[in-house]
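Trainee: Residues per chain, in single letters:
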Amino acid sequence: MQFLSFAFLAFGGMLLGLHWAIPHRRWQNFLLLAGSLAFVYSWSRQLCILLVVSAAVEWILARRLKAAVETSWRRLWLWISIFLNLGFLAFFKYAHFFLPELKGVAASIGFRSQTLELLVPVGLSFWTLQKMTLTLDIYFHRIKRKVGFFEFLLSISFFPTLVSGPIERMRNLLPQWKKPRVWSSQGFSEGIWLIAIGAFQKVVIADNVAGCVDALLKPGTSVLAIQLGLWAYALQIFADFSGYSDMARGIARLFGVNVIQNFQAPYAASNLSDFWKRWHVALSSWLNDYVFSPASMSLRDLGTFGVVIATWVTFLSSGLWHGTGWNFLVWGSVHAAGLTIYVLTKKTRKKYKKKWGNEVWLEPLMVAITLEWVCLGYLFFHAADLREVGGLLSSVSGGHWFGLPDFDARILVLSGLAIFALHWAYLKSHDPFWIFTQRVAIRTAVYLVLGLLLLRFYAPAESFLYFQF
Amino acid sequence: MTRGELLTTLLEISRDVLDEDDLTFTDETLFENIEEWDSLNHIHMVVRMEKVFGIRFDTSELQSVVKVGDLLDIVARLKG
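For the record, the sequence lines run as chains X and G. Counting in my numbering, the first sequence runs from 16 upward without gaps. Counting in my numbering, the second sequence runs from 151 upward without gaps.
Just so you know, the hints here were simulated from the structure itself, not pulled from any lab data. Be aware that a few hints might be false.
[Said to hold, decoys possible] Taking lysine to aspartate or glutamate and the EDC-like style, the derived pairs with C-alpha atoms no more than 20 angstroms apart in a straight line are:
id	chain 1	residue 1	chain 2	residue 2
1	G	K201	G	E182
2	X	K365	G	E185
3	X	K369	G	D166
4	X	K108	X	D304
5	X	K292	G	D177
6	X	K368	G	D171
7	G	K229	G	D177
8	G	K217	X	D400
9	X	K369	G	D172
10	X	K365	G	D166
11	X	K292	X	D304
12	G	K201	G	E162
13	G	K201	G	D172
14	X	K361	G	D177
15	X	K361	G	D171
16	X	K368	X	D289
17	X	K366	G	E182
18	X	K362	G	E170
19	X	K370	G	D177
20	X	K366	X	E378
21	X	K369	G	E186
22	X	K366	G	E170
23	X	K362	G	D172
24	X	K362	G	E185
25	G	K229	G	D172
26	X	K161	X	D229
27	X	K365	X	E378
28	G	K229	G	E182
29	X	K368	G	D169
30	G	K201	G	D169
31	G	K229	G	E185
32	X	K233	X	E85
Construct all of the structure, not just a fragment, from the sequences and the given hints.
Mentor: Dropping the structure here:
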């Protein structure tokens, strides 16, 4: 059941009506849990069973960890949790890729190979990381209270964020099930706005600029085509994933639940560290809290070298999380290399900041360099494998510089302007609900344009790029 | 060291490591609101604090720190 389908509209609408008709928080939670499990069931019965069983295992481990007094026992329960979660993820996501015979073993215990392949697109990578935040946050003393199984299961299966995140932390979600949720017109308006702006990014921008990406990023075209294709892909993947994330947040908000803002004008970042504070914030902050911080703390006696090692561990982990192909590891390496340069040039940057800090050209130049580095990463992220990257780069070695295939340049330019406008509107206020502070005439015009464009371009069949992870 | 002296020393370290001469904060300031205090600078801050205060942080004890006051509590405890 996709967000942009009439089936989801009917399901979500019915659940929403019932949710606000029920007066008590406890019954609202029960309804949300039942609705969320029904949503999971609509994807796959086996997935529903796996979700509940793995949540139960995690919850038991978290209880043991919380009850443990000695550090050695606390560490043991934490490592069992990490091992089980990552093993579980690796089995379903990667094992069938490396060892096809495992499909036979899985079939013998009731999971057909098709089931294994189906599990990846329906959020396994996302809810596994989300699930782990319970034990991790208890270990790091961020969750101190007793956590009930049903509130934990609801947090993991909560249907707006199940499929592709945002990967919300248990410490942020759990308290929300304990507070009374009161319907407010403002919350409802904000939810509808997020859904509308998310659908606009997906339907109007991502799905249209995808045609430019397909036309431009073909082997043997030209260097200019690759550059334009990477810019087009930068627009597509942002609009696709930010669009999805906004819709997920909007749907959650309709139910009175707040979920982390996943994108904060990432292409306005003036360095890679800044970029990762704005792009896929839920995942990057997860990796920061649970991979980079512990690793860099453990390696701090090595000085800057320790920071560099922790950076590489973090971004190679991110590459592995995205997929098993070597291209994802190279993508992670591109970002790790960029951040290594950033770390090693700290003193030089400090010197030049003092010299040129007030120059008007410095910030746009740094934004452009950062965007180009991110696009270099997209060269590997977009490709199915390294062979495809080699095919694209053959145009460089062949000396094909300026030839362009047939593509609709107007779509690329208009998409670029639309993403620029969305970044600008956000940067001006640092508020995703900037629309509500505009004059009536501007608000009306924006609503009209959004509505007309959505009606013009709506197509229910398109999937989201991040579903594959 | 008094609480005020700890705060003053932390501020001096932060201004130097984060390269922000005008930086100010109080016990209640959230780290997420100190723009330059990102994860890369955080580890430089940890190393400098350990050196200046003569303490050693446990790997996991800074994970739950949210505001400046939380950090000062840990520093004060470790300094005894």
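Trainee: The structure should be examined with respect to each hint, and the outcome stated for every one.
Mentor: Going down the list of hints, with the structure as the test:
1. Between K201 (chain G) and E182 (chain G), the direct Cα distance comes to roughly 24 angstroms. Violation of the 20 angstroms bound is thereby established for this hinted pair.
2. Distance restraint check for K365 (chain X) and E185 (chain G): the Cα-Cα separation of roughly 16 angstroms lies within the 20 angstroms cut-off, and the hinted pair is therefore satisfied.
3. Taken as a hint, the K369 (chain X) and D166 (chain G) pair is honoured in the structure, with Cα atoms around 14 angstroms apart against an allowance of 20 angstroms.
4. Restraint check for K108 (chain X) and D304 (chain X): the C-alpha separation of about 23 angstroms exceeds 20 angstroms, so the hint is violated.
5. Proximity of K292 (chain X) to D177 (chain G) is assessed by CA-CA distance (about 24 angstroms); at most 20 angstroms being required, the pair is judged violated.
6. Between K368 (chain X) and D171 (chain G), the direct Cα distance comes to roughly 13 angstroms. Compliance with the 20 angstroms bound is thereby established for this hinted pair.
7. Restraint check for K229 (chain G) and D177 (chain G): satisfied, since their Cα atoms lie roughly 18 angstroms apart, inside the 20 angstroms limit.
8. Taking the CA atoms of K217 (chain G) and D400 (chain X), the gap is about 44 angstroms. The hint is violated against a cut of 20 angstroms.
9. In summary, the hint linking K369 (chain X) to D172 (chain G) is supported, as the alpha carbons are separated by about 14 angstroms, within the 20 angstroms threshold.
10. Of the pairs offered as hints, the one joining K365 (chain X) and D166 (chain G) holds, with about 11 angstroms between alpha carbons and a cut-off of 20 angstroms not exceeded.
11. For the hint pairing K292 (chain X) with D304 (chain X), the CA-to-CA distance comes to about 12 angstroms; that is within 20 angstroms, so the pair holds.
12. Using a Cα cut-off of 20 angstroms, the hinted pair K201 (chain G) and E162 (chain G) holds, with the two alpha carbons roughly 14 angstroms apart.
13. Distance check on the hinted pair: K201 (chain G) and D172 (chain G) sit about 23 angstroms apart at the alpha-carbon level, beyond 20 angstroms; violated.
14. Of the supplied pair hints, the one linking K361 (chain X) and D177 (chain G) is violated, its CA atoms being roughly 28 angstroms apart against a limit of 20 angstroms.
15. Between K361 (chain X) and D171 (chain G) the alpha-carbon distance is near 16 angstroms, which keeps this suggested pair within the 20 angstroms criterion.
16. Using a Cα cut-off of 20 angstroms, the hinted pair K368 (chain X) and D289 (chain X) holds, with the two alpha carbons roughly 16 angstroms apart.
17. Only pairs whose Cα atoms come within 20 angstroms are accepted, and K366 (chain X) paired with E182 (chain G) is rejected, the gap being roughly 26 angstroms.
18. In summary, the hint linking K362 (chain X) to E170 (chain G) is supported, as the alpha carbons are separated by about 14 angstroms, within the 20 angstroms threshold.
19. The suggested pairing of K370 (chain X) with D177 (chain G) is violated, with an alpha-carbon distance near 33 angstroms, which exceeds 20 angstroms.
20. This hinted pair checks out: K366 (chain X) and E378 (chain X) have alpha carbons roughly 16 angstroms apart, not beyond 20 angstroms.
21. Between K369 (chain X) and E186 (chain G) the CA atoms are separated by roughly 16 angstroms; this keeps the pair inside 20 angstroms, and the hint holds.
22. A threshold of 20 angstroms between alpha carbons decides the hint, and for K366 (chain X) with E170 (chain G) the separation of about 13 angstroms falls inside it, so the pair holds.
23. For the given pair, K362 (chain X) sits about 19 angstroms from D172 (chain G) by alpha-carbon distance, which is consistent with the 20 angstroms threshold.
24. Between K362 (chain X) and E185 (chain G) the CA atoms are separated by roughly 18 angstroms; this keeps the pair inside 20 angstroms, and the hint holds.
25. With a C-alpha separation of about 28 angstroms, the suggested pair K229 (chain G) and D172 (chain G) falls outside the 20 angstroms cut-off, and the hint is violated.
26. About 51 angstroms separates the Cα atoms of K161 (chain X) and D229 (chain X), which puts this hinted pair outside 20 angstroms; it is violated.
27. Among the hinted pairs, K365 (chain X) with E378 (chain X) is consistent with the structure: their alpha-carbon atoms are about 14 angstroms apart, no more than 20 angstroms.
28. Simply put, K229 (chain G) and E182 (chain G) have alpha-carbon atoms about 25 angstroms apart, too far for the 20 angstroms limit, and the pair is violated.
29. In summary, the hint linking K368 (chain X) to D169 (chain G) is supported, as the alpha carbons are separated by about 10 angstroms, within the 20 angstroms threshold.
30. As the CA atoms of K201 (chain G) and D169 (chain G) are separated by approximately 18 angstroms, the hinted pair is consistent with the 20 angstroms bound.
31. With a CA separation close to 28 angstroms, the supplied pair K229 (chain G) and E185 (chain G) exceeds the 20 angstroms bound.
32. Straight-line distance between C-alpha atoms of K233 (chain X) and E85 (chain X) comes to about 58 angstroms, which puts the hinted pair past the 20 angstroms bound.
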